[in-house]
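Q: Listed below are the residues making up each chain.
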Amino acid sequence: MESEKAKLLPFYLVIDVSASMTGDKLEQANAIMPAVVDALSDAPILSDKVRFGVIDFGTDALVRLPLCDLLDEHVTLPPLNVRGATSYAAAFRLLRDEIESNVKQLKADGFQVHRPAVFFISDGEPTDRDADWRDAFRDLTENFPTYPNVVPCGVDAANPKTMASLIYPASGPKAMQMYLMDHGQNPADAIAMIAEILISSMLASGQSMAQGSSGLILPAKQDLPAGISAHSSDDFV
Amino acid sequence: MDTSTEEPTTPAAAPAAEPEWRGRSEPFQVGDPGRAASRVVPVPDPEGWDRRDTVLDGVALMDDAKKPIGEVRAASVRGLSHRAYGTVRQDEYSFRRTRDGRYLVIGVADGVSAGKLSHKAAIVAARKGAELIAKALSGPDPLAPDNFPWPDLVRAVAGRIERLGRERLTAMGNAAASTMSVREVAGHIATTVLYAVVDLTPVGGAHAVHLLSVGDTSAWVLRDGGRWEPQDAVKNDGADLHSSSVHALPLPPAVDPKPVRTTVAAGEALVLMTDGIGDPLGHGTGAVGRFLADVWSGPPASGLEFAAHVGFARKSFDDDRTAVAFWPTSRA
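Chains as they are written, first to last, in this note's numbering: chain A, 1 to 237; chain B, 1 to 332.
Keep in mind that the hints were calculated from the coordinates and are not lab data. One should not assume that every hint holds.
These stretches of chain A come out as covered by chain B in the derived footprint (C-beta under 8 Å, 3 or more residues) [what the hints assert, rightly or not]: (1) 6–19; (2) 220–230.
Capping the alpha-carbon separation at 25 Å, the derived lysine to any residue pairs in SDA-like fashion look like this [claimed, not checked]: (3) LYS7/A - PRO230/B; (4) LYS315/B - SER41/A; (5) LYS107/A - VAL30/B; (6) LYS107/A - GLY139/B; (7) LYS315/B - GLN207/A; (8) LYS315/B - LEU65/A; (9) LYS315/B - HIS231/A; (10) LYS116/B - GLY215/A; (11) LYS66/B - GLY139/B; (12) LYS107/A - HIS283/B; (13) LYS7/A - ALA287/B; (14) LYS135/B - GLY101/B; (15) LYS7/A - LEU106/A; (16) LYS107/A - ARG290/B; (17) LYS135/B - LEU164/B; (18) LYS7/A - HIS247/B; (19) LYS104/A - ALA287/B.
If you're wondering where the values come from, they're calculated on a predicted model, not measured in any experiment. By construction, the Cβ of each residue, glycine as well, lies at the ideal position given by its N, Cα and C atoms.
Generate the whole structure from the sequences, applying the supplied hints.
A: Take a look at the structure:
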């Protein structure tokens, strides 16, 4: 094993593919990965460091793209398809398992790993019991030393209060935010804008790594595309 | 130019013309060079036109009989990420021999990236620090490295950085610059630094070396057989997730830094380096350790060659890199 350690920045996209995510919404969801690939192709400093993974969830959750170097020639982008209900609990549990094993593996391979970033996109309310998904979220965050920075993104029928409870960390100097589709906005367009936000925060985080910081950098509120607004955890009580 | 087509009468007999030039320049790579090494387009820092991308040196130190005592190679190379994002090189080095010729003093500093003025802190720490040390070691009432007042030196350098920071911030229109806390000043201008004092008079063939470090700039001795021996703790060892926090001047160190004493002899090399090269070197047991042990088994022919070694490409290692090395010459 090499003792020298390259620094990696893991990004996870966790996306709702419940039955309501059909049509234009699914089409935009499927456009996210190619857009990230395009952005990384133009950012060699960042693409040497970012690892990207995709988990989708409906009734269950599946790893659709294991954490990888997106520009690696062996990577094939998976098509997303809708399936069933909206289990947040399944998504959080699988994400925790993935982060735990990915970070362990990367460290065994001799990398230094920055705290993972998670963009969580949903268009509706969780269908599992309240206590279930809340427990699963606590296990992913408070009860997890390698907890990720979680950025919830709500479109369409996502409940702002529910989404706000998924911001992590919710307070402190490294507090995250959530992004919500503005009322009356086309949800498919909103997903495309969330993809833009994900990409710009990836680029900004890469630049901030170059400036010695190791945190996830989210775009400033004035830089957001129209139709999306940013909120902190205390905006919805 | 191939002239054979213009001279059809002598098709085969013309001897190959002696080439008018030779030589080549090719970047070093260790393992996967990554995409950045070939794809980054370097851009200037619009506020740093007089800050050079790369500086380097290669000199021999002679004794009174004009016999070499040792060779010094030094290079500071702007990192790929600073080139890509248009930021100046924040590392700096300095070295000088004391007036009496007895000691070689080296300073290597790594400006803290978050501070916009940190390259200026690195310049002060490396140059002024080395100058103050050299003066104290060879003045009318010279000090010896063994009882050198390192805490005083660190305080003096920290004070100069703090003053410079307040001056620059005031000049930039920051009204609070003269009253803000040292911690706030350090948010704009801060640096780690490592000093070495090499006794150029060897005892039993070995040169005594005193090292003093504030922050994560590291000193190594490349021992015989290519073994990298760290002269302090390797950073982030055992850390759960990577952290970028460092101790840096002008903030006073929590406890007075303790000097480390070692020796370097002919066949070995003392190497001071910033984390841009220290991080990929790791414990010195990987590919980078083998590469540098190989090319630095003796002093490279020139400072330019040394700088090319320092600037090797390796995926995801895109920080500024600075190294200063000293190879004692065999006196047999």
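Q: Is LYS7/A within 25 Å of ALA287/B, Cα to Cα?
A: 16 Å, holds
Q: Do three or more residues of the segment 6–19 of chain A come closer than 8 Å to chain B, measuring C-beta to C-beta?
A: holds (count 3)
Q: Please check whether the segment 220–230 of chain A has three or more residues whose CB lies within less than 8 Å of a CB on chain B.
A: violated (count 0)
Q: Given the hint that LYS107/A pairs with HIS283/B, does the C-alpha gap stay at or below 25 Å?
A: 15 Å, holds
Q: Against the 25 Å threshold, does the CA-CA distance of LYS315/B and GLN207/A hold or violate the hint?
A: 16 Å, holds
Q: Would the hint linking LYS315/B and LEU65/A be met if the CA-CA limit is 25 Å?
A: This hinted pair holds, its Cα atoms lying about 23 Å apart.
Q: Take the C-alpha atoms of LYS7/A and LEU106/A, compute the straight-line distance between them, and say whether it is at most 25 Å.
A: The given pair, whose Cα atoms are some 10 Å apart, holds under the 25 Å limit.
Q: Compare the distance between the alpha carbons of LYS104/A and ALA287/B with 25 Å, and conclude whether the hinted pair is satisfied.
A: At roughly 22 Å apart (the allowed maximum being 25 Å), ALA287/B and LYS104/A satisfy the hint.
Q: Is the straight-line distance between the alpha-carbon of LYS135/B and that of LEU164/B 25 Å or less?
A: 21 Å, holds
Q: Do the alpha carbons of LYS116/B and GLY215/A lie within 25 Å of each other, as the hint requires?
A: 18 Å, holds
Q: Does HIS231/A lie within 25 Å of LYS315/B when you go C-alpha to C-alpha?
A: 36 Å, violated
Q: Given the hinted pair LYS315/B and SER41/A, is their Cα-Cα distance within 25 Å?
A: It holds: about 15 Å lies between the C-alpha atoms, which stays within 25 Å.
Violated hints for the displayed structure, listed by number in ascending order: 2, 6 and 9.
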